[in-house]
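Number of protein chains: 2
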Amino acid sequence: MFRALARASATLGPQVAGWARTMATRQLLVAPPEALLRPLSIPNRLLLGPGPSNLAPRVLVAGGKQMIGHMHKEMFQIMDDIKQGIQYVFQTKNPLTLAISGSGHCALEAALFNILEPGDPFLVGVNGIWGQRAADIGERIGARVHPMIKDPGNHYTLQELEEALALHKPVLLFLTQGESSSGVLQPLDGYGELCHRYNCLLLVDSVASLCGTPIYMDQQGIDVLYSGSQKVLNSPPGTSLISFSDKAKKKIYTRKTKPVSFYLDMKWLANIWGCDGKPRIYHHTTPVVSLYSLRESLALMAEQGLENSWRQHQEVTAYLHGRLQGLGLQLFVKDPALRLPTVTAVAVPAGYDWRDIVNYVMDRFDIEITGGLGPSMGKVLRIGLLGCNATRENVDRVIQALREALQRCSRNKL
Amino acid sequence: MFRALARASATLGPQVAGWARTMATRQLLVAPPEALLRPLSIPNRLLLGPGPSNLAPRVLVAGGKQMIGHMHKEMFQIMDDIKQGIQYVFQTKNPLTLAISGSGHCALEAALFNILEPGDPFLVGVNGIWGQRAADIGERIGARVHPMIKDPGNHYTLQELEEALALHKPVLLFLTQGESSSGVLQPLDGYGELCHRYNCLLLVDSVASLCGTPIYMDQQGIDVLYSGSQKVLNSPPGTSLISFSDKAKKKIYTRKTKPVSFYLDMKWLANIWGCDGKPRIYHHTTPVVSLYSLRESLALMAEQGLENSWRQHQEVTAYLHGRLQGLGLQLFVKDPALRLPTVTAVAVPAGYDWRDIVNYVMDRFDIEITGGLGPSMGKVLRIGLLGCNATRENVDRVIQALREALQRCSRNKL
Numbered sequence: 001m002f003r004a005l006a007r008a009s010a011t012l013g014p015q016v017a018g019w020a021r022t023m024a025t026r027q028l029l030v031a032p033p034e035a036l037l038r039p040l041s042i043p044n045r046l047l048l049g050p051g052p053s054n055l056a057p058r059v060l061v062a063g064g065k066q067m068i069g070h071m072h073k074e075m076f077q078i079m080d081d082i083k084q085g086i087q088y089v090f091q092t093k094n095p096l097t098l099a100i101s102g103s104g105h106c107a108l109e110a111a112l113f114n115i116l117e118p119g120d121p122f123l124v125g126v127n128g129i130w131g132q133r134a135a136d137i138g139e140r141i142g143a144r145v146h147p148m149i150k151d152p153g154n155h156y157t158l159q160e161l162e163e164a165l166a167l168h169k170p171v172l173l174f175l176t177q178g179e180s181s182s183g184v185l186q187p188l189d190g191y192g193e194l195c196h197r198y199n200c201l202l203l204v205d206s207v208a209s210l211c212g213t214p215i216y217m218d219q220q221g222i223d224v225l226y227s228g229s230q231k232v233l234n235s236p237p238g239t240s241l242i243s244f245s246d247k248a249k250k251k252i253y254t255r256k257t258k259p260v261s262f263y264l265d266m267k268w269l270a271n272i273w274g275c276d277g278k279p280r281i282y283h284h285t286t287p288v289v290s291l292y293s294l295r296e297s298l299a300l301m302a303e304q305g306l307e308n309s310w311r312q313h314q315e316v317t318a319y320l321h322g323r324l325q326g327l328g329l330q331l332f333v334k335d336p337a338l339r340l341p342t343v344t345a346v347a348v349p350a351g352y353d354w355r356d357i358v359n360y361v362m363d364r365f366d367i368e369i370t371g372g373l374g375p376s377m378g379k380v381l382r383i384g385l386l387g388c389n390a391t392r393e394n395v396d397r398v399i400q401a402l403r404e405a406l407q408r409c410s411r412n413k414l
Numbered sequence: 001m002f003r004a005l006a007r008a009s010a011t012l013g014p015q016v017a018g019w020a021r022t023m024a025t026r027q028l029l030v031a032p033p034e035a036l037l038r039p040l041s042i043p044n045r046l047l048l049g050p051g052p053s054n055l056a057p058r059v060l061v062a063g064g065k066q067m068i069g070h071m072h073k074e075m076f077q078i079m080d081d082i083k084q085g086i087q088y089v090f091q092t093k094n095p096l097t098l099a100i101s102g103s104g105h106c107a108l109e110a111a112l113f114n115i116l117e118p119g120d121p122f123l124v125g126v127n128g129i130w131g132q133r134a135a136d137i138g139e140r141i142g143a144r145v146h147p148m149i150k151d152p153g154n155h156y157t158l159q160e161l162e163e164a165l166a167l168h169k170p171v172l173l174f175l176t177q178g179e180s181s182s183g184v185l186q187p188l189d190g191y192g193e194l195c196h197r198y199n200c201l202l203l204v205d206s207v208a209s210l211c212g213t214p215i216y217m218d219q220q221g222i223d224v225l226y227s228g229s230q231k232v233l234n235s236p237p238g239t240s241l242i243s244f245s246d247k248a249k250k251k252i253y254t255r256k257t258k259p260v261s262f263y264l265d266m267k268w269l270a271n272i273w274g275c276d277g278k279p280r281i282y283h284h285t286t287p288v289v290s291l292y293s294l295r296e297s298l299a300l301m302a303e304q305g306l307e308n309s310w311r312q313h314q315e316v317t318a319y320l321h322g323r324l325q326g327l328g329l330q331l332f333v334k335d336p337a338l339r340l341p342t343v344t345a346v347a348v349p350a351g352y353d354w355r356d357i358v359n360y361v362m363d364r365f366d367i368e369i370t371g372g373l374g375p376s377m378g379k380v381l382r383i384g385l386l387g388c389n390a391t392r393e394n395v396d397r398v399i400q401a402l403r404e405a406l407q408r409c410s411r412n413k414l
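Those protein sequences? They're chains R and C, same order as listed. Read in order, the letters of the first sequence are residues 1 to 414 in this note's numbering. Read in order, the letters of the second sequence are residues 1 to 414 in this note's numbering.
I should point out that these hints are in silico values taken from the structure, not numbers from a laboratory. Each hint should be verified, as a subset may be incorrect.
Note: identical chains are not told apart, hence a pair may lie in one copy or across any two.
[What the hints assert, rightly or not] Keeping only pairs whose Cα atoms sit at most 16 Å apart, straight-line, the calculated EDC-like set for lysine to aspartate or glutamate is:
#1 K73 with D363
#2 K93 with D276
#3 K379 with D151
#4 K247 with E162
#5 K169 with E307
#6 K267 with D136
#7 K93 with D80
#8 K73 with D366
#9 K258 with D136
#10 K150 with D189
#11 K256 with E139
#12 K267 with D396
#13 K267 with D246
#14 K278 with D356
Put together the whole structure using the sequences plus the hints.
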């Protein structure tokens with residue numbers, strides 16, 4: 001076909017001739033890279049780290065579908081489906097509910113960019129890497145950040161928070177429900193109410209916990225909630241879920257300054273996601289195919305039922321905990337009630353280099369488990385049982401791999 | 001399997017019992033949405049708007065592949081392949097070259113957030129919607145924005161720019177190579193040199209033009225160049241391409257303030273993309289599957305060869321222009337040398353409502369063409385021939401559809 005075009009071009013007149021002149025003025029100085037001439041090859045991995053997880057079969061199928069336009073009515077229907085799915089998994093009736101065109105960090109920025117204005121006091125629970133990141137972003141946009149720093153493995157009590165709320169009078173409190181870097185499950189009952197008594201909004205990160213453990217956005221008084229696609233939802237990374245209460249929405253719509261980001265400006269996003277009742281106007285090109293996948297993830301969760309998903313994670317993770325203890329390993333979080341039912345942190349056994357264990361399990365079994373992250377680096381190994389990966393069969397596989405790793409990896413190298 | 005787990009749970013001890021109590025404390029108030037119980041159905045569309053375009057078959061296959069971890073060595077290899085592919089299509093040897101985890105707007109923000117500091121003078125060519133957006137973002141982050149406003153359909157000459165550079169002494173100039181909202185091709189030869197004489201960096205948007213018309217980042221002295229995945233590259237939207245010259249990199253590495261975004265902080269991104277020679281540290285979870293697709297798009301371009309792709313777009317678009325004129329339609333950009341070889345803007349024919357034409361072509365032919373955008377809204381119809389969609393067969397299809405639309409749509413309704 002291309003050859004035919006080339007032959008035809010002689011008859012196409014002055015425009016092509018002009019372009020051809022332009023093209024001839026320079027030479028290509030960078031050649032086609034040889035690496036790209038090799039075929040794409042993706043290994044088969046069982047992803048039992050803290051995420052991303054493996055894709056559910058139906059999500060895989062969605063990812064292989066052809067494009068439609070980001071402003072087509074069928075796409076708006078898919079976005080509406082996603083909104084309803086998020087409302088379901090968040091247990092909220094908030095109209096301002098949508099997916100962000102970026103990973104979980106992007107959703108965190110969307111929350112902070114839209115809620116905080118320069119000078120706003122911002123209280124942050126920093127008991128792992130996610131709080132560190134929230135504090136970092138808060139500082140970048142000029143908020144007065146008050147970090148509450150705790151060693152990884154700890155959580156925040158109502159009493160501690162009440163003292164901090166009284167002292168700093170923040171407009172926003174950040175807590176992580178599933179601190180995946182340390183395996184801590186932050187309780188949330190009563191925290192929203194407490195915040196509201198101090199005129200503070202409550203922002204919760206549920207990236208590593210959503211659909212693996214109960215959360216009730218409305219009943220728990222959470223004002224901003226976000227999560228990721230690539231954990232229990234078994235979707236590819238690249239989209240994230242977010243919702244704002246009416247209180248949070250009011251803060252956004254009465255702010256004095258524009259958010260620093262246009263890409264994440266919630267007034268624009270509310271419009272394109274059909275949350276403001278106005279005709280939808282082009283904002284950015286949404287990640288159409290990733291949204292197909294996210295829609296399918298949420299459909300799977302609607303079919304399974306949230307409570308069944310919570311129970312599945314809790315039972316399979318309890319089974320994992322028993323098997324780990326059977327290997328003589330110690331769980332990093334001491335209080336069983338504070339252990340996350342999705343990502344488990346295991347203390348690195350004495351004398352071992354955690355890297356040897358992680359590499360052994362990957363190299364011999366094609367299973368991903370990981371070390372710590374941020375403040376928990378070097379202290380823990382982490383095993384995630386997320387969505388379709390949360391099965392007893394997978395627990396048996398990773399336990400077998402770990403048992404062998406503990407036998408074969410050399411001790412006391414450190 | 002789940003039933004078996006439920007039966008087994010009675011023996012799992014106090015942890016599950018504790019979780020079960022937590023779960024029982026509240027009721028679900030939001031039911032699984034019925035919309036999500038319907039199957040996902042994606043219509044077949046020929047996307048001949050200004051983008052997104054249809055996915056190439058090999059890109060479709062990549063989108064259906066299983067996840068691996070964002071920090072696995074195979075993923076770093078894919079990222080390295082992508083970097084080399086971007087260097088090829090940009091014609092640059094810049095080490096600071098990578099893909100952004102977001103759409104083209106996100107890449108624009110990545111450029112402005114990292115280059116500009118509050119108070120920096122920023123000169124913006126506003127001859128369509130993309131310049132409007134760049135000016136908007138510049139204002140959000142506190143730059144002193146100097147917009148050079150022109151009616152859509154116009155471009156910027158070296159002489160005009162020299163006057164503005166002398167007057168405003170900007171640190172950065174923004175130009176759009178392919179103004180897809182008006183169909184203008186901005187010339188770039190000599191513009192980088194001119195900017196550098198005035199100590200200004202040159203930032204170019206090539207979202208709608210890359211691989212459809214020549215660009216030579218290094219030879220043309222472009223300091224920051226970005227583009228999207230969903231135009232000529234025929235990949236899904238959700239990733240974008242960016243590269244920084246050494247001059248631009250120096251500005252980033254010597255800035256006094258942190259960029260407002262952590263997600264788009266180029267020092268972090270440079271590390272995770274292997275551009276700084278240091279061991280890669282977790283920053284955010286990259287959109288793994290979208291990067292598979294992007295890698296395949298770039299591989300296709302490496303195989304086809306840039307010059308062949310440029311020629312294909314120029315020849316097929318010239319054929320489209322001839323056919324449009326044969327229908328009695330007028331091209332919006334008067335000077336043939338300034339017409340974009342990817343997206344063509346046609347003046348809305350007198351007496352017609354552009355919406356009727358666009359809807360007719362969509363409803364009867366399943367072909368997307370679009371109206372104007374931003375300043376060109378209501379003035380033009382836009383037809384894109386992007387990547388694998390740039391064929392004479394597709395031109396013939398859209399011309400047939402347009403001919404019928406012009407016959408059937410009622411005139412003088414307005």
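Evaluated hints:
no. : hint           : result
1   : K73 with D363  : between (47 Å within a copy, 12 Å between copies)
2   : K93 with D276  : within (14 Å within a copy, 46 Å between copies)
3   : K379 with D151 : within (11 Å within a copy, 61 Å between copies)
4   : K247 with E162 : neither (20 Å within a copy, 50 Å between copies)
5   : K169 with E307 : neither (36 Å within a copy, 61 Å between copies)
6   : K267 with D136 : between (24 Å within a copy, 14 Å between copies)
7   : K93 with D80   : within (14 Å within a copy, 44 Å between copies)
8   : K73 with D366  : between (42 Å within a copy, 13 Å between copies)
9   : K258 with D136 : between (20 Å within a copy, 10 Å between copies)
10  : K150 with D189 : neither (20 Å within a copy, 56 Å between copies)
11  : K256 with E139 : between (19 Å within a copy, 14 Å between copies)
12  : K267 with D396 : neither (48 Å within a copy, 41 Å between copies)
13  : K267 with D246 : within (14 Å within a copy, 37 Å between copies)
14  : K278 with D356 : neither (56 Å within a copy, 21 Å between copies)
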